[in-house]
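K.L.:
Residue numbers (the working numbering), protein chains in the order written: chain A, 737 to 1149; chain B, 2 to 266.
I should point out that these hints are in silico values taken from the structure, not numbers from a laboratory.
Please note that a few of the clues may not be correct.
Said to hold, decoys possible - Each computed DMTMM-like pair below joins lysine to aspartate or glutamate, with the alpha-carbon atoms no more than 20 Å apart:
#1 A:K909 <-> B:D73
#2 A:K909 <-> B:D74
#3 A:K912 <-> B:D73
#4 A:K912 <-> B:D148
#5 A:K909 <-> B:D70
What the hints assert, rightly or not - A few chain A positions that, by computed beta-carbon distances, are all more than 12 Å from chain B:
#6 S760
#7 L883
#8 I1035
#9 E1083
To be verified - Where chain A lies over chain B, by a calculated footprint (3+ residues, C-beta under 8 Å):
#10 129–141
#11 194–207
Computed from a prediction, not measured in an experiment: that's the story for all the values here.
Don't be surprised by glycine CBs; every beta carbon is placed ideally from N, CA and C.
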Amino acid sequence: MKFHWFHLMPWPYLPEDFPKRYPSVWVDIPPHLYDPVKGHDVYHTYLSQLEFAAECGFDGICVNEHHQNGYGLMPSPNLMAATLARSTHDAKIVVMGNSVALYNPPTRVAEEMAMVDVLSGGRLVAGFPVGTSMDSAFAYGQNPATLREKYRESVELILRAWTAEEPFPFNGKYTKLRYVNPWPRPIQKPHPPVWVPGGGSSIETWEWCATHDFMYASLSYFGYLRAMKSIKSFWETIERLGLEPNPYRAGFLQFVAVADDDAHAEKLYSEAAHYFYNRCLHFPPAYREAPGYTSIASIRGALGSSMSAAMAAQDKTLGWKDFIERGYIVAGSADTVVDRLNHMADEMQIGHLLLLCHFGNMPDETVRYNTQRFAQDVIPRLRHRFDEWEDKWWPADQPAEILARRQAAQAGA
Amino acid sequence: MSPVLSERLVELPRNPEPLVYEGGGGPPLVWFHGLGGVDPADPVLNGLAERFAVSAPLTPGFRDLGELDQIDDIHDLAIYYDDLLNALGVEQAVIAGHSFGAMVAAEVAAHYPRRASQVVLVSPFGLWDDARPVADLFALTAGQMPDLLYMDPSKAPSAPDSPNGQPDIEALVALAQSMTTLAKFMWPIPERGLARRLPRITVPALVVYGAQDRFVPVSYADDFVSALGSASSTLVEGAGHMVTIEAPDQVLSVLNEFLGAPAAA
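Extracted from the complex, chain B is given alone in its bound form (with noise of 0.2 Å):
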């Protein structure tokens, strides 16, 4: 049985409380969520858990866009991540995420170097090249939005029912403060210089994207493999930016080839 990740808000000096969902054991993992925030029981998360200490905190805004206000730019959003993980008592661990979660993970890595033994990038954005555009995920509207990031859009998980036809006024919040929080870091261009930033990192880093995504032209990959010091790219065929979601098998076995040989059952 896979563990299964808590939840837990952690005291963080100057800022609202985060939420941080924890689990499993070992060297630390700090995992930085995509698009939709963190599901408990992702199976990429709960895969590796069974080797690393995984911390996976929700992006400040998710729940409460006040958890914003002291959060002006990309560069405030390292600063307090570098806060909660003194918070959480971790002084260096592997640096992961997906898509969103990916340009934070680099940021975060490429702001605080030593605070990185390894760094993970599936489905990455943060860098720009006119001739290759990452689509416009903010022209769509959710319900269009599947398209764009399944290469099976059957895979998306399906819009809560709305009862009695009624508008679910609690899912369109969550929507809109997802959706805001991460407009904030990316409207109109998902791009803040990580380009300039990215050669800070020079520990071992693996970009994986699915091979098929629609949203962030995977020729990416190149681009982030020569910015960084000292990393290869993987692609996983059959699937789009949610690879995670798409192929999280195949996702796993990637990320634990490239992290090391897995701690005995």
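One chain only, chain A, in its complex shape (with noise of 0.2 Å):
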């Protein structure tokens, strides 16, 4: 099993009264709450913490894409990857990922990803969401009737761009490229292993990701209680498909915060929690499902998205009892968290588990103290799951030639 330290990165300064005084934490939030100054030291409190996760052993540090939105201040992932391809040397750097819709042309990210494989020495996974439809079709006004194609038609660029031996000409019907042929190109070959984050109910995203080898990892923020239903099912997709029911074809984000005790946790996690799940998720529901993000084949096999599912389910104000119950947050003493966990990997069969040991507005403090615990207590419990298993889906060991340079430069030091 795999570890990934996931940041979203949130506004920690949202008033207390924001679901009340303001319409949306997302596309339309207000602008003045936003204050550079205090931004300046969110963004490298948040930077070092990543640095931290990777020195703790995790292996992989996680960055996303979010646009006008007050719980992820990362509208492009990649400055930061570039910034911790520099800092960090072990961990590999997962940007998770590059909204591919939305770069035009979207060679654009063929040439930045490579720029982070080859920054890092090799260790880019390249994340690769269709965004969601805050992201994608209200902030980035891309049309949600034509967004999956034209999705899929980029990720097919980018990848030929990567692969081909020679610069070639595209004519699709979103991007026409007469010659295609980024610089820099990435180290790893034939090219970084490719993720698609999706909201875990996309059937067409999972036979997709199926046929073309990719990696699948549901993310949502409701954690794996109410998951255990879509990743059944797309460990019947896989099947169907007559594909190995490998492990490291799949990821999943879960909140997790690692405490002595129970109540020990809830002291040390709850005011964060409370701040994510009734403060950042403060948006409205049309936002979640512009017409056409959900395809009639998944309405049809009532999926929609989790996140739409979970907030429609979610009634009230939540408190700490009803985020450990619903499994939103595995909280408590290490013994907790690793039974939880798996309970987890017997029922879901997930090989890369991505973690949010930040959220909401955690102090400094206390994410170190999240982070150091889990990777002391809990994943060496863990890391033997699915030893059987080779994970394809990974980057290789990078080349002996930037190890050695870099013990040649830690010799110097």
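Make the complex out of the two chains shown on their own, each in a separate frame, by following the hints.
P.N.:
And the structure:
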């Protein structure tokens, strides 16, 4: 099993009465709530936390892309990945990812991700999300009726750009280029591993990932208990397509909170959880489902987006007890956390676990405590799960020449 | 008794068979429907069918999103309707529509001016001024839309009952198909360059708004009138964007006056 430390980079200064006073945390969040001087410290604190997670031994450190969003301050995850590529050495840089339909032309993504792969010495995991309805349709104005088609065309273009031996013309429906020839080119051959983050519910996305051999990562804020049904449908799709049920084909995002015991966890993490679930997820329901964003097949499958389903069920202001009982947050002593994650692994067969050790407005020292305890007390007890499977969706060893350069630099230091 | 429109599938080269609602007799009138599709019992359509041979095509995509595979933009849609008029044997007609359909009617008449004998645009959008934004229909749930679209939201057709508290999947699919189709031509701003093309329409045109339209500011009536060659506008009091549902008799009366004296009963 592999463990990845995921940062959403939320703005930590939303007022307590935010949901009452303002219409939305996303798309049309009031501009004046952002303070760029405080933002300077927020960015540096968050980047240091990602570096700390790498030092603690997490396999990957993850950044992602959101737009006009008070809980996701990374419109460009590649900028963050670039700085992490210089400040870390072993952890893989999981860019989760670039919403490829938003880039014109999408070869911009092929270029920037190649830059990060080269800078990091071949440590990039390339995530290609469709982007949420809020990000892609409302903030970036993409037509939801054609978004998925454009997204898939963009992914095909990027992969061809990375692997082609010669410049080539690309006459797509959404992108027309006479000369596709990105420089630089990625270290990893044929290309960095591709992960596709999703809302955990699109049958077409599962089939598309399976047939393209992409890793599928279900990114839900609502925990493993709620996701079990859709992850089981994912594995049924894999089986139906005659593919091996390799756990590393799938990833899942989970909030975790490690402490001495349940009461200690509540004391440490309750406020941050409230902040995330009751302030950061405040936005109008129509934003979640731009028309066409959810396919007809998914509507017929009664799957909808996991976010919509969960938020429709969110009929009241939730409390710590709800977060725990519903499995939104796996919290408690290391034993409790290990037990619950084992339960998750048994039921869901997830090889790649993406962890939110930071959420909401959690103080820096609490983030580091949570991160360190998870690395020391939880990871070693789950590490060997799924050892019988080969992880084909992970960067290969870095080139010897690059490792030798680093060793020489360290010896000189 | 009003004639009732009947459904017909029309053969069309290169495209899935369009569904067209037809009825009445007289000179041809093509009606492009609004946000919700064609209601065969629509009193305005049935009133018009007393004097006109009414053809009301269902927008491709409403029945099956696959119908949009060959239609990338508003120009493709105009060409599609040109083909459909050929298939219907209609050389020239009154080109009319409501709401989204009024934008389509304006686009069809602007792309093919010789097709139109007269043009009727009821609650049209398709023009844009930053100072007077058309409201964002897509930022609303279906349940919130009546407040935007009706002066009196209680006049909105009620949502179908969901049996046993389960969501009605077919109703959700139908809604998703129609809204996705609308988004294809309206997202994120319902303006595709119509202002440049409207002056191509020189035949008499009528612009009608419900005076209490909260979706499209009624001041756009002036923009349509000044861009069209020979147009006038009328506001119908006591109705919002869905003026054909909220005030069908007034709409019919305004349309009949513009279109000429009614045929003898």
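K.L.:
Indicate, hint by hint, whether the structure satisfies it.
P.N.:
We went through each hint and held it up to the structure:
{"no.": "1", "hint": "A:K909 <-> B:D73", "result": "9 Å, holds"}
{"no.": "2", "hint": "A:K909 <-> B:D74", "result": "12 Å, holds"}
{"no.": "3", "hint": "A:K912 <-> B:D73", "result": "15 Å, holds"}
{"no.": "4", "hint": "A:K912 <-> B:D148", "result": "42 Å, violated"}
{"no.": "5", "hint": "A:K909 <-> B:D70", "result": "12 Å, holds"}
{"no.": "6", "hint": "S760", "result": "10 Å, violated"}
{"no.": "7", "hint": "L883", "result": "10 Å, violated"}
{"no.": "8", "hint": "I1035", "result": "5 Å, violated"}
{"no.": "9", "hint": "E1083", "result": "26 Å, holds"}
{"no.": "10", "hint": "129–141", "result": "holds (count 3)"}
{"no.": "11", "hint": "194–207", "result": "violated (count 0)"}
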